[in-house]
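Please construct the entire structure, taking both the sequences and the accompanying hints into account.
Residue numbers (the numbering used here), protein chains in the order written: chain H, 1 to 366; chain P, 1001 to 1284.
Just so you know, these hints were derived from the structure itself, not from any lab.
All the pointers check out, no bait thrown in.
Quick list of the computed label-pair ranges, beta carbon to beta carbon:
1. 1138(P) with 129(H): 54 to 64 angstroms
2. 15(H) with 1170(P): 18 to 28 angstroms
3. 1096(P) with 185(H): 42 to 52 angstroms
4. 273(H) with 1165(P): 47 to 57 angstroms
5. 1109(P) with 163(H): 33 to 43 angstroms
6. 1096(P) with 194(H): 37 to 47 angstroms
7. 237(H) with 1109(P): 46 to 56 angstroms
8. 1115(P) with 185(H): 50 to 60 angstroms
This one's a predicted model, so the numbers in the text were calculated from it and none came from an experiment.
Even glycine gets a Cβ: it sits at the ideal position worked out from N, Cα and C.
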Amino acid sequence: MEGQVQLESLVKNYRDVVAVEGIDLEMPPGEFFTMVGPSGCGKTTTLRMIAGFERPTSGRILLDGVDVAHVPPHRRNVNTVFQSYALFPHLSVADNVAFGLKYHKASKAERKQKVAEILELVQLTGFERRKPHELSGGQQQRVALARALVLRPRVLLLDEPLGALDARLRKDPQVELKALQSEVGVTFIFVTHDQEEALTMSDRIAVMNDGHVEQAGPPQAVYEDPETLFVADFLGVSNLISAEATGSEGNCCTLRVAERTLRAEQGAISTRGDVKAMIRPERVRVEPAGTEGENRMPGLVEHAVFLGGFRELRVRMLGGSLIKAIVPNDGTPLGYEEGDSLTLHLPQDALRVLAGSPAAATDEES
Amino acid sequence: MRWLRNSWGRPRFLPAITIVYILWSIVPVALAVLFAFNDGRSRTSWQGFSMRWFTGETGSVLHDPSLQSALEHTLILAVICVAVAVPLGVTLALGLQRWRGPGSGAVNTLMLLPLVTPELVMGVALLLLFLQIFNGWGLGTTAQAIGQVTFAVSYVVVIVRGRLVTIGREYEEAAADLGAPFRDRLMRVILPLLAPAILASAGIVFALSIDDFVITQYLSAGADTNTVSMLLYATARGAPSPALNALATITLVITLVTLALAYLVYRRFAGAGSAAEAATLGEV
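Pasting the structure below:
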């Protein structure tokens, strides 16, 4: 299968500024791959290097095993959907879509047929003669997709193509885009700063920060098993607890928090010293005050927020950490108000020790 | 003066000042045009409407060889100036837009120099150049055309670069991404998108050339390289005749029609979204 992209120690410097510092990534053929991260993390620069608009300072970009790092963009079998779509304003929809076909060996009739086919695929039949400014944002986005896909690229690069759409309109395009990718089977490399978008659509994601990849893998794995503090914090909502890792019992790490002991099964359990422990709000259990048992901590409710389908409790836990707990709205009264005390149950299979804190890093090296 | 006090709406003195200014700037021109149609030699007292200074038997633009040759020469110079300055300016603008590195800043500033250099200084400098260094070419049409192109190019560069900045690099990148080599990116994307700016600058260069006096005067060589502006200057005080008003009127109409055409084509090509640029052109 065609469409595999491998990045090998890819580096891009602008004068003294390092935009991308040594990325290694495998993007398997036919998959929906997403690079996600805050602005300035290097994701767009990486995408532009794959497209050929930027030349890497060093490193290799392998497209199906061939290094294309220094091939100009018009000779790469890779196409881009730009953030602003960059539809040619002086050309009609059909002429925009047919623009690149001039460089493919095809007769006029073939070209016409290809344009008609791809416009049908993106549900824009009948819009051939319109100019880009006569289309809605969503339609423009589909023209941009059609213009790139009609060339049957091995890889399609998408630079936040949903960013220009109204947030309320974005859910549908997310689903449509994923469906389109499955249908055409082309490798999609998608760039976004929206973690929800990344988790919804991708077969595989790479979380980027400060010019490097923090963690890559299937979205569920990255969400469930964040390896670093940054990933835990960036994907979804995380509760972070400062603790001291003192030893291990079986496959658990013992953590000391405010003179109490917690056991954590997940993450860097062999770490010792000052660490951060992390737990997702949906995994925190709320129990009546005074409940005793493993991994229980007393706390005081600071806020109880009604969010429709569920309720969020913000609890100040013994030791000072603020813990968010999600309680589903099952019709029963919540039973806790601001100022109430309760017990938090942090199940050991949901509690994770994070590498990435300085203490953990030195430990790993030794 | 009660109508001036309008506490709720916009202050009325602003439109009042604008109207006074417009009248002040239009009235002299209107008077000059009016007396081009005077049925008499006077340029101060109205003696009835006539076309005699345009098409009459004696002393009219149509029948006075010196007026006719001036008009012809003016138009020839304007056409040469547009034909040379516009392609040159577009090329320079494209080049400068891309040039990042040592020296680009200095060149960018230098490109603007002809816009701020007093024309007299430039005229004298060009005269010395043609007399001392390029004395093989001598003065006359070639020298006049080169002189006009020299300062007109800056206007083209400024207008086209403005448009290039608005367009951004994305369309060009998109074209490259779709497989277009540089030549096609230029012909299929950049030039069509620049068309409004190119037309606008052509209109402006044409008008500048017709209007130019100082440089054209310095680099002229005798009566057959006289332009309308030179003729007007030379005879305005010495031998006044409404035929000069007629000549000026013709030049004015040509200039206005050129600018109006450029403006209309610009609006048509640029479509929505470039109304601001169209307005800038309108101001010129």
